Amino acid sequence: MAPTMLGVVLLVFLLFNWVGGDPAYVLAGKISNQEQIDNIRRQLGVDQPYYVQLWIFIKQILTADFGASWSTNESVSHILATRLGPSLTVLIPLLILVTFIAVGLALAVAYVRGSLTDRMVMIVCTVGLSISILVYIIVFQYVFAYKLGWFPVQGWGNDFWENLIKYASLPILIGLTVSIAPSLRLYRTFILDEINQDYVRTARAKGVGENRIMWIHVLRNASIPIITHIMAELPGLLLGSFLIERFFSIPGIGREVILAVERSDFPVIKAITVYVAFATIITNLLADLMYKAVDPRVQLK
Amino acid sequence: MVKLAMRQIAAAVFLLPMFVSVHAADMTKVVRDVFPAAETGFDPAASNDTYSATINQAIFDTLYTYDYLARPSKIAPLAAEALPVITDNGKTYTIKLRHGIQFATDPAFGGKKRELVAEDVVYSLKRLADPKLRSPWVFLVEGKFVGLDEEIAAAKQGAKFDYDKKLPGLEAVDKYTLKLRLKDTDYNLPYVLAHTPTGIVAREVIEKYGESDGRAMSNPVGSGPYKLAQWVRSSKIVLEANPDFRGFTWDFTSKDPADQKVIAQMKGKKMPQVGRIEVSIIEEDQARWLAFQNRELDTMNMEGPLAPQALDGDKIKPELAAKGIRLDRIVDPEISYVYWNLQDPVVGGLTKDKIALRRAMAMSYNVEQDIKVIRNGQAVAAAYPIPPGVVGHVPDWKSGVKYDPAGANALLDKFGYKKGVDGFRTNPDGKPLVVTLFSRPDSLGRQQDELWKSAMDGIGVRMDVHKDKFAELLKLEKQCKVMSRPAAWIADYPDGDNFMQLLYGPNTGASNGGCARIPEYDALYARTTKMPPGPERDKLYQEMTRIAEAYAPWRLTISRYRNQLLQARVEGYKRHPILRSHWQYLDVAPNAK
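Chains A and C, in that order, are what the protein sequence lines are.
Position one of the first sequence corresponds to residue 1 (my numbering), numbered consecutively onward.
Position one of the second sequence corresponds to residue 1 (my numbering), numbered consecutively onward.
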């Protein structure tokens, strides 16, 4: 865990200092002289030698205190705390729905593998996969929100249920459309690997019902790669939803990252990158624990 | 106990009509507006973006503002009682404040009413100079007020900025009188005092809510028409009418026939009428446009890429007009230009061959093509450095720089820039000639690169493009290391000085991005700074413009249109070139959606 985090820290630090640009020149305003710019650089600490800046970064990680945004002065911890909720309001229902729908459909098409239905579903999935999320967002927002008026075009409120039902529904629908196709294809492959195993033939020979075979025996054995896939996707989803958040004005983490990059707001970029790296490590750990839960043969050493 | 309760009820009944008479806003009247980019925060001295400034203008009073209908923009008193008394050749300003202006009620005032007084103005101006605050607006006060620079210097040496120290340049003579003493003559000071960064704050508020660097971005408390009711950062800003606001009567006048409808709608109304402003931040063009069409927004600005969706030329599309949607259109008080670095060894210098090279490049650029291709027709050609709506603008100026590729080629031939077999020219000394255009890696930057490349190819000048981030471009620019770059300048205040200073030599490293140093220009500019606005100063500006055309430190290109779309329910709107916040001048039908 420590070497991974150290790698992330070094990479973020190098990238920001190499390609990030000097924020003092933007923060100094329209009419500024070198003295004012130097004053800002001093206050931000970017005039310090690189090893000092790196040490400050490491101390910030150890104390979980990333200071305040250079652009807005808002504390980074407050930024994360307030942006996480809206992102999760979209992502948790999306993840649950995608998982259940994709697994269910994957079991169904795997069961009728080679049939016309299986082939049609796979063709639809391939076509769906080939279309950019941007196209889905633009078309769905235009058709379902503007033309049909089923959802608001954009917005976000204060009430959790209002946000979930009124504002997050269309983004979740788009997320489902985009995510089901690749998940379904992948899970189908995992399930097909299991369907051809000897234990399935044995179960059938013993007269076990097809439903039990598919939902208990096959699914349980296919769960490990499915869990791996879901857990690996989790941290990326948090940041990857920035397009949806921007188009639907959802004040989430993904949108905040883009804003921070546009503003060269290093404290925010640092914090989010480190926390996402940390979340990746934690979800990997959780995945290991879940392997053990679904398959007692797995040994945790 | 009963007596006490009765007294409280009696007091409440007695006071109620007073508040009602002051607070005209109807809380059921809601205007829904939109910003295309996120705000940063609401401290007038620290905010550095258009959208935060718009909110600040609704929350904070400045000493001066602008007449809502007058064009060109005309300064008008706001927290000040009247226009300043200017003495000592424009070096001393005496300003009387209105009595009875109240800050919005806030816990920082300990449950008491808090009147805005002269010391608040002094404190607010001093904050701009405090190095700890790192205000991007320090240039508004630095080098201006007697005694202030010494305080700034001391604070930069590590001393705490002394807000209590009496400065001769910033004096609160009494509760309602300010005396501002300047180091040099400056007739533009009222514009500075109308600018949003000089919004008046209360010291108690800053001390209660300020962060370690002295900024208070999250808890704005002003004396203006609105107060911050809700803020979901980068997503939604809700303002509500400030019940402590003194109110005003809509009594603006204008002889412009186009204004008569607005006057008829609004005249005599107690303002503000609108009780609640809901501002959404929607970055994506499609989302903004659909939200407006869906009536989720009452007003929105149609930038260049969006304009063809709503406009046929300069008119709103009939299907939108049929829904009652209106267009309010002005030319923004801005200029876009491409500058050439006058200190650069390739394109700089004041020798005839270098001047010829720059003039030829200026003549090679087709501004009409720029307007058509890059701006979707939503711009006008900029001929004069002072744009429309700004004092000193000359509407029918005949520029000496015109699109003339044949003339440009002839000029280069004449000054020894010979064409080689590859079709590209060399310097008069036979060395290769390569001009580098610095630009941003965005779609606008790429379009500009292509148009300039095409123009340069047309006169046989080889052009390279250097792409860099905005911050890096600024850094290089301040070091005079940018050979040429497309840039733009929007008015901070509606006076020609704000634009003519762009080529002033001593502003190199600050606002003079092209590092121009033209002695004739600089001498005239120095004279204009001692003069009040008027025909005499305008004449010098025209002379300076001719000098700039002759030396060609830049090629003026365009000024953009600002197309504001309004739903039918919005009344009283007229786009002001400088004022950002219009909500206090509007009315809408109540309970409408």
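Where hints are given, some of them may not hold.
What the hints assert, rightly or not - Here are some of the chain A residues that sit facing chain C, going by a computed Cβ distance under 7 Å: (1) Asn-17; (2) Trp-18; (3) Gly-29; (4) Asp-38; (5) Asn-39; (6) Leu-259.
To be verified - 20 Å max Cα-Cα, derived PhoX-like pairs, lysine-lysine: (7) C/Lys-323 with A/Lys-30; (8) A/Lys-30 with C/Lys-481; (9) C/Lys-112 with A/Lys-166; (10) C/Lys-112 with C/Lys-166; (11) A/Lys-147 with C/Lys-236; (12) A/Lys-30 with C/Lys-469; (13) C/Lys-96 with C/Lys-166.
To be clear, the hints were calculated from the coordinates, so they are not data collected in a lab.
Note that the structure is a prediction, hence the values are computed from the model and not measured.
Note that CB positions come from ideal geometry on N, CA and C, so glycine has one too.
Here is how each hint holds up against the structure:
Annotation: interface hint on A/Asn-17 violated; nearest CB of chain C at approximately 13 Å, more than 7 Å. Hint status for A/Trp-18 relative to chain C: violated, with the closest Cβ pair at about 12 Å, above 7 Å. A least Cβ separation of about 3 Å between A/Gly-29 and chain C falls short of the 7 Å threshold, and the interface hint therefore holds. Annotation: A/Asp-38 was flagged as interfacial toward chain C, and the flag is violated, the nearest CB pair being 10 Å apart, outside 7 Å.
Checking A/Asn-39 against chain C: minimum C-beta separation of about 5 Å stays under 7 Å; hint holds. The beta carbon of A/Leu-259 comes within 6 Å of a beta carbon in chain C, closer than 7 Å, and the hint placing it at the interface holds. Taking the CA atoms of C/Lys-323 and A/Lys-30, the gap is about 41 Å. The hint is violated against a cut of 20 Å. A C-alpha spacing of about 18 Å is found between A/Lys-30 and C/Lys-481, which places the hinted pair at or below 20 Å, so the restraint holds.
With a C-alpha separation of about 42 Å, the suggested pair C/Lys-112 and A/Lys-166 falls outside the 20 Å cut-off, and the hint is violated. Taking the CA atoms of C/Lys-112 and C/Lys-166, the gap is about 27 Å. The hint is violated against a cut of 20 Å. For the given pair, A/Lys-147 sits about 24 Å from C/Lys-236 by alpha-carbon distance, which is inconsistent with the 20 Å threshold. Between A/Lys-30 and C/Lys-469, the direct Cα distance comes to roughly 16 Å. Compliance with the 20 Å bound is thereby established for this hinted pair.
For the proposed pair C/Lys-96 and C/Lys-166, the alpha carbon gap of about 19 Å is at most 20 Å, so the pair holds.
Of the hints listed earlier, those the structure fails to meet are numbers 1, 2, 4, 7, 9, 10, 11, in rising order.
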